[in-house]
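**Student:** Listed here are the chains, written in short residue letters.
There are 2 protein chains.
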Amino acid sequence: MAITILNERELRDCVRLDEETVDAVADAFTALAKGGVVMPPIVHLHMPEKNGEMDVKTAYVPGFDSFALKVSTGFFDNPKKGLPSLSGLMNLINADTGQVRAVLLDNGYLTDVRTAAAGAVAAWHCAREDAKVAGVLGTGLQARLQIEALMLVRPIEQVLVWGRDGEKAKAYAAEMSERLGIDVQARAHGADVVGPADVVVTTTPSTEPVLLAEWLEPGVHVTAMGSDSAGKNELDPKALAKADRLIVDKREQCIKLGELRTAIETGTVPEDVAVTELGELTSGSAVGRDSAEQITVCDLTGTGVQDTAIATVAYRKATSKGYGVSVET
Amino acid sequence: MAITILNERELRDCVRLDEETVDAVADAFTALAKGGVVMPPIVHLHMPEKNGEMDVKTAYVPGFDSFALKVSTGFFDNPKKGLPSLSGLMNLINADTGQVRAVLLDNGYLTDVRTAAAGAVAAWHCAREDAKVAGVLGTGLQARLQIEALMLVRPIEQVLVWGRDGEKAKAYAAEMSERLGIDVQARAHGADVVGPADVVVTTTPSTEPVLLAEWLEPGVHVTAMGSDSAGKNELDPKALAKADRLIVDKREQCIKLGELRTAIETGTVPEDVAVTELGELTSGSAVGRDSAEQITVCDLTGTGVQDTAIATVAYRKATSKGYGVSVET
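For the record, the sequence lines run as chains A and B. Counting from 1 along the first sequence, just add 415 to a position and that's the residue number in our numbering. Counting from 1 along the second sequence, just add 415 to a position and that's the residue number in our numbering.
Worth flagging that the hints you see were computed from the coordinates, not collected in a lab. Be aware that one or more of the hints could be misleading.
Identical copies carry no separate label here, and so any pair may be met within one copy or between two of them.
[To be verified] Here are the simulated lysine to any residue pairs, SDA-like style, with alpha carbons at most 25 Å apart:
1. K583 to P456
2. K496 to E743
3. K671 to H459
4. K495 to N509
5. K495 to D480
6. K449 to P463
7. K732 to T744
8. K465 to T512
9. K647 to P624
10. K732 to V742
11. K671 to P456
12. K671 to H461
13. K465 to V453
14. K736 to A417
15. K647 to E692
16. K732 to A417
Just chain A, with the same shape it has in the complex (with noise of 0.2 Å):
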């Protein structure tokens, strides 16, 4: 038996965060709310004597011919050796055999527009439609990649983005304006960016809120993807009680590593708060938004679904292109 082996490279020349791929999650969202599919909890492995950590993800989804085992790793004294502090790799398994099929070397590449390509899924139906003007607190490669994503859906006419580091906002907006060719302003403020905005993305790995409830404007949709661990919050939690519609990934996930942690912690919502999972908005068993007054918040926390989905698509392109070495097991 052959096993085939993609880089980064080739995954990124097959796999783009384009209407495909964000086709691809929204049905693994669906296929997720369906039911029968079989998604263990996130392995974290703690390393702190190496100030290192890894995060497991998997997820069996009917329908898909094969399934994905996705590790990540942040090490965040690798920029002191000149490396980067993320890197990964999924493993794409047959759903019929359970035999490896390929290995998949992206170093977080596919991680990124998957997760990007779900924030895009969440302004699709959450969204109003005539959402002209985004906001995005954060300016690392979410706030870009989110933002690009957000594009394909809405019609986006300008940007406003804030950062803790201004003159990284500065910087987002001078080659986010030129590579989107419209208008992308910083702000020095994050009210000065949510207040105005249709749609507002957050993207900090901050631990205390970065978006205040007050902020909040009628007809606004927020989507909240920086939290991904017990120790990340980045709204207000006032800000999920304000929300008319709350939408999550994946309900016990975000009680656990998501906004709703922080939410529910403070007490600011209930444990049993009435929330709208994203495949019950792409398998129409849900709307995000009844109407164009209503504030929503979506709390995303990366799901295996979304690795399962974004695996097995580059896998069929970069087969179809003769990508990849073959090497036998």
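Given the coordinates of chain A, work out where chain B should sit on it, guided by the hints.
**Tutor:** Showing chain B alone in chain A's frame:
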């Protein structure tokens, strides 16, 4: 950056069931006992609609320069397709940077070896030094490897074997007698294997006891390595109660997945029963046996530290031989 892909043939050529491997596994248990090991619970993905399952194990072990993330799959309809049921691979991750160092396409070989090596470690510390007669229940691959492992540490002169399928037991006897150059006899009843034996290994996937407490004579050591999930059970729970010393690879795991689970669930031993972890024996903080008359029972469920140990050894030996395919990530 480049990573190394090693295949089964290369790994078989480098890593054998020998003293070096047994020592590496013993060192891993010592590390586990000394603290600092980070070993999350095993991830189990059960896919009933495919008659398949996946287990994922990992452990960070201080002092090892890498750690393994090990994937094992069992898809039990595979034989109908002419494929083996079991498969798997290991990702070897640099413990200083989190970057993937190698992918070991071992198809489960390294797991087979490290599992047998743990049996040798248990026998080294618990079986009588003059143990000459080995008994084995089960006729599969581990029934073979566990006896080979045993012969590394004890002067075994005769092997007695029982299997549910008597023909397989006879085939085992013929094959192993030839391979080991000693007397190997199939017996029709488990009692006739266990009674005369100085050391017994149970190696079945049974869900009900194959070894009864009344068969245990003074001085015998039993290693039960078959139970690694909540449904399995090889030992009569009374056998654990009858033991003078109960040894486990990892207490928390054995309570959930091993013989200890059944013994506690049936009320045969108390929930807080005194057990000795294998690492306490390898580190010298406890002894396996005080006298030639004691009965000792060791419950092995398989641990991530064993995977990290063997994967690290395999990588070191394979790269020193120039093996593997190097792939740019």
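**Student:** Evaluate each hint against the coordinates.
**Tutor:** Hint-by-hint comparison with the structure:
1. In this homomeric assembly, K583 and P456 never come within 25 Å of each other (Cα to Cα): the closest approach is 35 Å inside a single copy and 40 Å across copies.
2. Within a single copy, K496 and E743 get their C-alpha atoms only as close as 34 Å, which misses the 25 Å cut-off; across copies the closest is 19 Å, which meets it.
3. Taking identical chains as interchangeable, the C-alpha atoms of K671 and H459 lie at most 25 Å apart whether they share a chain (13 Å) or sit on different chains (20 Å).
4. In the homo-oligomer, the alpha carbons of K495 and N509 lie at most 25 Å apart only across protomers (16 Å), although the nearest pairing inside one protomer, at 39 Å, exceeds that limit.
5. Taking identical chains as interchangeable, the C-alpha atoms of K495 and D480 lie at most 25 Å apart only when they sit on different chains, with a minimum of 19 Å there against 41 Å within one chain.
6. With identical chains, the CA atoms of K449 and P463 are at most 25 Å apart between copies only, with a shortest distance of 16 Å across copies and 39 Å within one.
7. When the C-alpha separation of K732 and T744 is checked against a cutoff of 25 Å, the pair qualifies both within a copy, at 22 Å, and between copies, at 18 Å.
8. With identical chains, the CA atoms of K465 and T512 are at most 25 Å apart between copies only, with a shortest distance of 8 Å across copies and 37 Å within one.
9. For a Cα distance limit of 25 Å, the shortest separation of K647 from P624 inside one copy, 9 Å, qualifies, whereas the shortest one across copies, 48 Å, does not.
10. With identical chains, the CA atoms of K732 and V742 are at most 25 Å apart both within one copy (19 Å) and between copies (20 Å).
11. With identical chains, the CA atoms of K671 and P456 are at most 25 Å apart both within one copy (10 Å) and between copies (17 Å).
12. For the homomeric pair K671 and H461, the shortest alpha-carbon distances inside one copy (16 Å) and between copies (23 Å) are both at most 25 Å.
13. For the homomeric pair K465 and V453, the shortest alpha-carbon distance between copies (12 Å) is at most 25 Å, but the shortest distance inside one copy (32 Å) is not.
14. Taking identical chains as interchangeable, the C-alpha atoms of K736 and A417 lie at most 25 Å apart whether they share a chain (17 Å) or sit on different chains (22 Å).
15. In this assembly of identical chains, K647 and E692 lie within 25 Å of each other by CA distance solely inside one copy; the values are 21 Å within and 36 Å between copies.
16. Taking the closest pair of Cα atoms, K732 and A417 come within 25 Å of each other both inside a single copy (18 Å) and across two copies (23 Å).
When held up to the earlier numbered hints, the structure conflicts with hint 1 and nothing else.
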